[in-house]
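Colleague: Sequence:
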Amino acid sequence: MSEDKFPGWHGTTILAVRRGGRVVVAGDGQVSVGQTVMKGTARKVRRLSPGGHDVVVGFAGSTADAFTLLERLEKKLEAAPGQLARACVDLAKDWRMDKYLRNLEAMLIVTDGREIFVVTGAGDVLEPEHDVAAIGSGGNFALAAARGLMESDLDAEAVARKAMAIAADICVYTNGNLTVEILG
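1 is the number of the first residue of the sequence shown in the numbering used here; add one for each residue after it.
Check before you lean on any hint, since a few could be wrong.
[To be verified] Between beta-carbon pairs, the in silico distance windows are: (1) D131 x T36: 32 to 40 Å; (2) Q35 x P81: 27 to 35 Å; (3) G148 x M97: 35 to 43 Å; (4) K39 x G148: 14 to 22 Å; (5) G176 x K99: 15 to 23 Å; (6) G123 x D169: 28 to 36 Å; (7) H130 x R47: 30 to 38 Å; (8) G82 x G20: 17 to 25 Å; (9) P81 x D131: 23 to 31 Å.
[To be verified] With a cut-off of at most 20 Å between alpha-carbon atoms, the simulated DMTMM-like pairs for lysine to aspartate or glutamate come out as follows: (10) K162 x D124; (11) K75 x E115; (12) K39 x D169; (13) K162 x E151; (14) K99 x D131; (15) K39 x E71; (16) K99 x E115; (17) K93 x E115; (18) K75 x D90; (19) K39 x D54; (20) K93 x D124.
FYI, nobody ran anything at the bench for these hints, they're computed from the structure. Keep in mind that this is a model prediction, so the values were computed, not measured. For glycine and all other residues, C-beta sits at the position ideal for the given N, C-alpha and C.
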């Protein structure tokens, strides 16, 4: 999220973990402005079901901007049912090329339980290595913790919850109030 456009606003932490045939997306609930926690129970992980195909999306950044992108993604998924990669690439193209969309301040993690993508306004559609992806202010903390926990015998949900707890202990813009969605 751009500190120039939104001074003092800090994002969130969203983490996706794929393990044992399941994908878990976890997001914290904190919204901060400067040194103030404005809300601790925001829900930044959502389940979409366009055309009967379940997709889970987690977002960091501006909520209004993220909802605009979620609506666009849902339309892309309805136009290309079951083709998550294509829908994400089409969204990223529109996001980068469209004058209005180009100014949106958010990032997305998108999964259908098989594939995981990080989608950005710079036109990136990234498939994570090591079956772990993270975005937001505490994303790097959660990513590092989850990568380390992938060496354990924990299942996907346990890895995600423990990594998010570690991120919440380190990042002042992340709390332990989680929304968790599971596919697979």
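Colleague: Would you mind marking each hint as holding or not holding in the structure?
Modeller: How the hints compare with the structure:
no., hint, verdict
1, D131 x T36: 32 to 40 Å, "36 Å, holds"
2, Q35 x P81: 27 to 35 Å, "45 Å, violated"
3, G148 x M97: 35 to 43 Å, "38 Å, holds"
4, K39 x G148: 14 to 22 Å, "30 Å, violated"
5, G176 x K99: 15 to 23 Å, "39 Å, violated"
6, G123 x D169: 28 to 36 Å, "34 Å, holds"
7, H130 x R47: 30 to 38 Å, "24 Å, violated"
8, G82 x G20: 17 to 25 Å, "22 Å, holds"
9, P81 x D131: 23 to 31 Å, "25 Å, holds"
10, K162 x D124, "28 Å, violated"
11, K75 x E115, "19 Å, holds"
12, K39 x D169, "18 Å, holds"
13, K162 x E151, "13 Å, holds"
14, K99 x D131, "33 Å, violated"
15, K39 x E71, "24 Å, violated"
16, K99 x E115, "29 Å, violated"
17, K93 x E115, "19 Å, holds"
18, K75 x D90, "10 Å, holds"
19, K39 x D54, "28 Å, violated"
20, K93 x D124, "9 Å, holds"
In summary, the numbered hints that this structure violates are 2, 4, 5, 7, 10, 14, 15, 16 and 19.
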